[in-house]
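Starting from the structure of chain A, add chain B where the hints point.
Protein sequences appear in the order of chains A and B. In this text, residue positions in the first sequence follow our numbering: the first is 1153, and each later residue adds one. In this text, residue positions in the second sequence follow our numbering: the first is 1153, and each later residue adds one.
To be clear, the hints were calculated from the coordinates, so they are not data collected in a lab. Any given hint could turn out to be false.
Said to hold, decoys possible - Think about it this way: if two alpha-carbon atoms lie no more than 25 angstroms apart in a straight line, the pair counts; the simulated SDA-like pairs of lysine to any residue are:
#1 K1396(A) with R1406(B)
#2 K1325(A) with R1374(B)
#3 K1325(B) with R1374(A)
#4 K1396(A) with R1409(B)
Said to hold, decoys possible - Computed, partial: chain A to chain B, Cβ under 7 angstroms:
#5 K1231
#6 S1351
#7 R1359
#8 S1368
#9 R1374
#10 K1396
#11 M1398
#12 M1420
#13 T1428
For each residue, glycine too, the CB sits at the ideal point set by N, CA and C.
Protein chains: 2
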Amino acid sequence: MKWISDSNILIVGLGLMGGSYAKALKRLGFRVTAISRRWETIDYAMENGIIDYGSAETDEKLIGEADAVIFALYPEVFKQWIRDNQHLLKSGALLTDVTGVKKCIVYDIQEMLRPDLEFIAAHPMAGREVYGVENSDDRIFHPANYIVTPTDRNTESAIEWCKSLGRVLGFRKVSVLSPEEHDEMIGFLSQLTHCIAVSLMTCSDNRHLVYYTGDSFRDLTRIARINDEMWSELFLLNREDLLKQMDIFIEEFRELRDLLAAGDREGMREKMRISTERRAYFDI
Amino acid sequence: MKWISDSNILIVGLGLMGGSYAKALKRLGFRVTAISRRWETIDYAMENGIIDYGSAETDEKLIGEADAVIFALYPEVFKQWIRDNQHLLKSGALLTDVTGVKKCIVYDIQEMLRPDLEFIAAHPMAGREVYGVENSDDRIFHPANYIVTPTDRNTESAIEWCKSLGRVLGFRKVSVLSPEEHDEMIGFLSQLTHCIAVSLMTCSDNRHLVYYTGDSFRDLTRIARINDEMWSELFLLNREDLLKQMDIFIEEFRELRDLLAAGDREGMREKMRISTERRAYFDI
Chain A
1153 MKWISDSNIL
1163 IVGLGLMGGS
1173 YAKALKRLGF
1183 RVTAISRRWE
1193 TIDYAMENGI
1203 IDYGSAETDE
1213 KLIGEADAVI
1223 FALYPEVFKQ
1233 WIRDNQHLLK
1243 SGALLTDVTG
1253 VKKCIVYDIQ
1263 EMLRPDLEFI
1273 AAHPMAGREV
1283 YGVENSDDRI
1293 FHPANYIVTP
1303 TDRNTESAIE
1313 WCKSLGRVLG
1323 FRKVSVLSPE
1333 EHDEMIGFLS
1343 QLTHCIAVSL
1353 MTCSDNRHLV
1363 YYTGDSFRDL
1373 TRIARINDEM
1383 WSELFLLNRE
1393 DLLKQMDIFI
1403 EEFRELRDLL
1413 AAGDREGMRE
1423 KMRISTERRA
1433 YFDI
Chain B
1153 MKWISDSNIL
1163 IVGLGLMGGS
1173 YAKALKRLGF
1183 RVTAISRRWE
1193 TIDYAMENGI
1203 IDYGSAETDE
1213 KLIGEADAVI
1223 FALYPEVFKQ
1233 WIRDNQHLLK
1243 SGALLTDVTG
1253 VKKCIVYDIQ
1263 EMLRPDLEFI
1273 AAHPMAGREV
1283 YGVENSDDRI
1293 FHPANYIVTP
1303 TDRNTESAIE
1313 WCKSLGRVLG
1323 FRKVSVLSPE
1333 EHDEMIGFLS
1343 QLTHCIAVSL
1353 MTCSDNRHLV
1363 YYTGDSFRDL
1373 TRIARINDEM
1383 WSELFLLNRE
1393 DLLKQMDIFI
1403 EEFRELRDLL
1413 AAGDREGMRE
1423 KMRISTERRA
1433 YFDI
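Isolated chain A, as found in the complex (with noise of 0.2 angstroms):
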């Protein structure tokens, strides 16, 4: 499939980001269509332009026509909503994802998915502290990464496809990774940080302490604000690798607490400065 605008592109579950794909592609020209659980969703979404058709309910019709699915669920619907409805798909659509986690999802869905169907799967590492399609702003892409991560059932031109989207979406870099390399980065990078700017919060009733708090401790925190259905999911189906990740900082944590109660200045001086030099890496 190619990206050309009389293409009909279906998105299931319009929140903040299934709405920001819709934003997008809507500019772009595409005929944009939706499913999603409330009607009060796609009213609004109809009233505002920001889809052309859509519907809360299992319209045949709507599912047959797209050429390209985007969906944007918690992992465990998405799963029950190719069981269930993959029957009314265009035989040759595409099918793409916005899940945060990969190795759980990816290859439980191309296994279980009909021979001439592709799902490419991709992680846009955008998003905001707040949710549903009210707030969904196709901005929040172009600072952001778009990751793909296929396996080897994907085909090349589906590969390609998905490249191509993350591109047209306005994403500041696409790259591809495995669904292993993938959940082990977003292991590392997105849900430890989360991990831990949540226990900083969890530590202590500090709200007598927002008087004195200055940058450091509101940047560290600021995602302690946290959907916790989500990201309790997230988290769950990203278990082993982010156990794993855990384990190696509060390791590396307590080595730094450990010189500190022992008075060894140097010791602590060489891990900053390992850090310092790490980064700088970082301010690209």
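Then chain B, alone, in the frame of chain A:
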């Protein structure tokens, strides 16, 4: 001492912080002098109008003229300066500082000080990840907090004078805490967060991940670029408080880890809800 513009204010230690004080005070019309280790610093500051006059030597006249002295030195250097030079200070001079830890310095200085001098400690919670008078900038005070940390040796008038200093420098908020309260607060809000950021960077050589890095990781590690000389000293000077905070954090982080390992989704969600609720208080 009133804040009258013919006061002579001496800054001892003309780095980022001392220089920023100098710029703000000069603009307000005070006569600002400085003592610093290197002539290059003094020359630069005089050429650029940051100070009126300065010296890299023990200039007895300059020291003897000061109505107020602001010490922007490392804690141990500060104590040594008082031992060596306090006999040169004018009777009735007011002394303050910018040191980031308080218990370990305030009592020692007050103990050794001549009875006709008064030291009222303060902590301007401002900073940048760069150093030196060349980078000084008094705009860093505007979003920041200024904490005065008196003891029962301090007079009401000196405490008021020190609070006024915070206000005229342009700090967003001026507060008063005991040295003990200050060190506990700073152990949690500032030192613990720096320990976390450093540990996150030293966990592994993760430079290859730079292309996938989103805002969360960048925010959490911004302060991982750290002045190892200064921060290792500050950590050691606040060792007991910081160790306590580190141990509480390890315990809390491990609890979240164990919930994940046990697959206890509801337990994780409860932590996330507490975290979200508490973090909301910090969005002011």
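Now the hints, each set against the structure:
1. K1396(A) with R1406(B): Distance ~12 angstroms between K1396(A) and R1406(B) Cα, so the pair holds.
2. K1325(A) with R1374(B): The hint holds at about 21 angstroms.
3. K1325(B) with R1374(A): holds, 21 angstroms
4. K1396(A) with R1409(B): holds, 10 angstroms
5. K1231: Because about 17 angstroms separates K1231(A) from the closest Cβ in chain B, which is outside the 7 angstroms limit, the hint is violated.
6. S1351: S1351(A) check passes; min Cβ-Cβ to chain B is 4 angstroms, inside 7 angstroms.
7. R1359: holds, 5 angstroms
8. S1368: Where the cut-off is 7 angstroms and the nearest Cβ of chain B is about 5 angstroms from S1368(A), the hint holds.
9. R1374: Because about 6 angstroms separates R1374(A) from the closest Cβ in chain B, which is inside the 7 angstroms limit, the hint holds.
10. K1396: violated, 11 angstroms
11. M1398: It holds, given that the least Cβ distance between M1398(A) and chain B is near 5 angstroms, below 7 angstroms.
12. M1420: Hint on M1420(A): holds, closest Cβ of chain B at ~5 angstroms, below 7 angstroms.
13. T1428: Holds: closest Cβ of chain B sits about 5 angstroms from T1428(A), inside 7 angstroms.
Of the numbered hints stated above, those contradicted by the structure are hints 5, 10, listed in ascending order.
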